[in-house]
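Engineer: Listed below are the residues making up each chain.
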Amino acid sequence: MATRAFAKGLLGLRQSRGLFVGHPCGRLHFSTAASVEVSHPQVDSVTEDMLKNPDFFNLSELFSLKDLFNARVHLGHKKGCRHRFMEPYLYGCRLDQDIIDLNQTMEHLQLALNFTAHIVYRGGIVLFVSRRRQFSHLVETTAKSCGEYAHTRFWQGGILTNANIQFRADVRLPDLIIFISTLNNVFEQHVAIRDAAKMGIPTVGVVDSNCNPNLITYPIPGNDDTPVAMELYCDLFKTTIIRAKDKRKQMEMVERQTISAKTS
Amino acid sequence: MAAPCPRTLGSFLAKFGACSSGLTAVSSQISRQVLIRRVGVSAALPGKNMAKGPERYSVEFIRKKVEEFDIGKRRLANMMGEDPETFTQEDVDRCITYLFPSGLFEKKARPLMKHPDEIFPKQKEAQWGKDGRPFHFLFYTGKPLYYSLMHETYGKIMALEAYQDRLRDKQLFDKDFKRISAGTSRWVNQHEFHALLLENISPQDYSYFIQLMERLLAMPYSALEEEFVLRYRQQLEVQSMKERAPPLQQDHRGVAFSTAQGRRKSATSSVVLRDGGSGRVTINGKEMIEYFSVLQDREQLMFPFQFTGMLGRFDLECTVDGGGRSGQAGALRLAISLALLSFLPEGERELMRQAGLLTPDPRVRERDKPGQAGARKKFTWTKR
Chain Y
1 MATRAFAKGL LGLRQSRGLF VGHPCGRLHF STAASVEVSH PQVDSVTEDM
51 LKNPDFFNLS ELFSLKDLFN ARVHLGHKKG CRHRFMEPYL YGCRLDQDII
101 DLNQTMEHLQ LALNFTAHIV YRGGIVLFVS RRRQFSHLVE TTAKSCGEYA
151 HTRFWQGGIL TNANIQFRAD VRLPDLIIFI STLNNVFEQH VAIRDAAKMG
201 IPTVGVVDSN CNPNLITYPI PGNDDTPVAM ELYCDLFKTT IIRAKDKRKQ
251 MEMVERQTIS AKTS
Chain G
1 MAAPCPRTLG SFLAKFGACS SGLTAVSSQI SRQVLIRRVG VSAALPGKNM
51 AKGPERYSVE FIRKKVEEFD IGKRRLANMM GEDPETFTQE DVDRCITYLF
101 PSGLFEKKAR PLMKHPDEIF PKQKEAQWGK DGRPFHFLFY TGKPLYYSLM
151 HETYGKIMAL EAYQDRLRDK QLFDKDFKRI SAGTSRWVNQ HEFHALLLEN
201 ISPQDYSYFI QLMERLLAMP YSALEEEFVL RYRQQLEVQS MKERAPPLQQ
251 DHRGVAFSTA QGRRKSATSS VVLRDGGSGR VTINGKEMIE YFSVLQDREQ
301 LMFPFQFTGM LGRFDLECTV DGGGRSGQAG ALRLAISLAL LSFLPEGERE
351 LMRQAGLLTP DPRVRERDKP GQAGARKKFT WTKR
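Order-wise, the sequence lines are chains Y and G.
Going by the numbering used here, the first sequence runs without a break in its numbering and finishes at 264.
Going by the numbering used here, the second sequence runs without a break in its numbering and finishes at 384.
One chain only, chain Y, in its complex shape (with noise of 0.2 angstroms):
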């Protein structure tokens, strides 16, 4: 589901070129209907090396296990607000309070970043959701900063769905949505969360113990109460997105140099 929603995510965005959808989505085989030929686009050899890099913007060197523990990423719930489907990211649970596992959350929280500066690298809009009223203004605050978008306000309720008509018929939605809490002020699942799924847009989300990790593309198990993790959060994605940026102007750059020396 990851990999099928990553090329979607990708196919959708126009700076993309042509790419190869490789796995083969369909399950259902009919007997009797005509196979459809699907013409699948070839993909330069760079494009392909840069997609099977499972660290091509090298994000691994912004954190390691020791930051997130001193960030107290670790820290969840107590074991009665415990989600059913959050029990395989948790560690343990010490005097009623579950601890997440931080090896888990490094492997997630890599990838998060990883698609997130695919994305990014190839023109994306991202989204940063919250509906925590402590960290607004931070969240607010990274997504100026790095150049994308927040909404940390109360959520209208056909934004993606109804765009539309709410804002014009040409709108173009987000192509990557990150929910640095994904609960609203009542402990409910925010709405955007499905919503997304709905539209196919991809989202990437800090899952705590009391979170539901089912609709969310790529879940980053960890705490998002402390104001130190929230902290943490807003800053590796702020870096890996001004990194993927650079990286797309030095790309552009050298692109339009070759370019120019094949001319002259």
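Calculated from the structure, these hints are not laboratory results.
A couple of the hints might just be wrong.
[Unchecked claim] Simulated crosslink set (BS3-like; lysine-lysine; CA at most 27 angstroms straight-line): (1) Y/K198 / G/K143; (2) G/K170 / G/K156; (3) G/K130 / Y/K249; (4) Y/K247 / G/K130; (5) G/K130 / Y/K238.
Keeping the supplied structure of chain Y fixed, place chain G upon it in accordance with the hints.
Structural biologist: Using the frame of chain Y, we list chain G on its own:
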């Protein structure tokens, strides 16, 4: 109803003709420029297809209309034999009412020739660039300007708190720091706030904004953000007493005097207040004791002097007509207070206004109603 196009006016003119053939040609050209206004359009309305949303006018379209309007204005001026350079909108309106006299009562339905900015409703400029990326970082919230204002205000509060903490660390915190004066102004009301932002602001949004601004205002060092705060405050209008105070005149002997009129119920009065007197009061030629035998009426007359502490200073020459005892006393009191204004400094004038001496009493006798004994009294209620 879709916009009736200018063709209708042109065809009307062609049918009935104007005075001369030359006039017809020019007026048909003018008619193209005369844009019949859509009634009741203040916001963008949907066109023929409701689902497409409000009608959008491209920048190119508006620019062309402005060009046509300017050319049409010059042609109209030449036609009417006026100078095209100094042809104002009022002149345009005058010429149009002359050329196209209309008997319609509804002013908005009459032919008009106005600048396209007044006819085509103002729309928000494009929200995103060619690549589709919105310009504002809070675009997806639906109310970018309002939420960015809240964001900015909160940022200022945080910055001020940090600044105060730094001062406290260095023991330089001064709790007597100059505050923003809030007495002479009020917060913008919801309509003014909407006019500032041009977005859908609900009453809750407005109240949250005011709460946040109050929080900013209550902080000790809020004067550092005075310019920002004053943007959302309206100055209270202080009613100037200068207009209502009668001018101070001097008679041939050099004595300062002033005249004023007053009304109460159905009594009207006129008063001449002379300085350097001994407190003599003449009403309709009679002495005050003679005219007003009741103490209450004399007290009413003397109250303005007693309030300002100028009891024995002035001579009064009054005339009063109409009304009864109490009405005449009230009318005289108002006239005296107004005449006294010209002798008083500004501060005293405000005190007089607050005391209620300068407010004309609007109470008049209520009319009797049919089916009742009096104005309020009803006939005896009978069960059957």
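Engineer: State for each hint whether it applies.
Structural biologist: Against the structure, the hints:
| no. | hint | in the structure |
| --- | --- | --- |
| 1 | Y/K198 / G/K143 | 24 angstroms, holds |
| 2 | G/K170 / G/K156 | 21 angstroms, holds |
| 3 | G/K130 / Y/K249 | 18 angstroms, holds |
| 4 | Y/K247 / G/K130 | 22 angstroms, holds |
| 5 | G/K130 / Y/K238 | 25 angstroms, holds |
The structure shown violates none of the earlier numbered hints.
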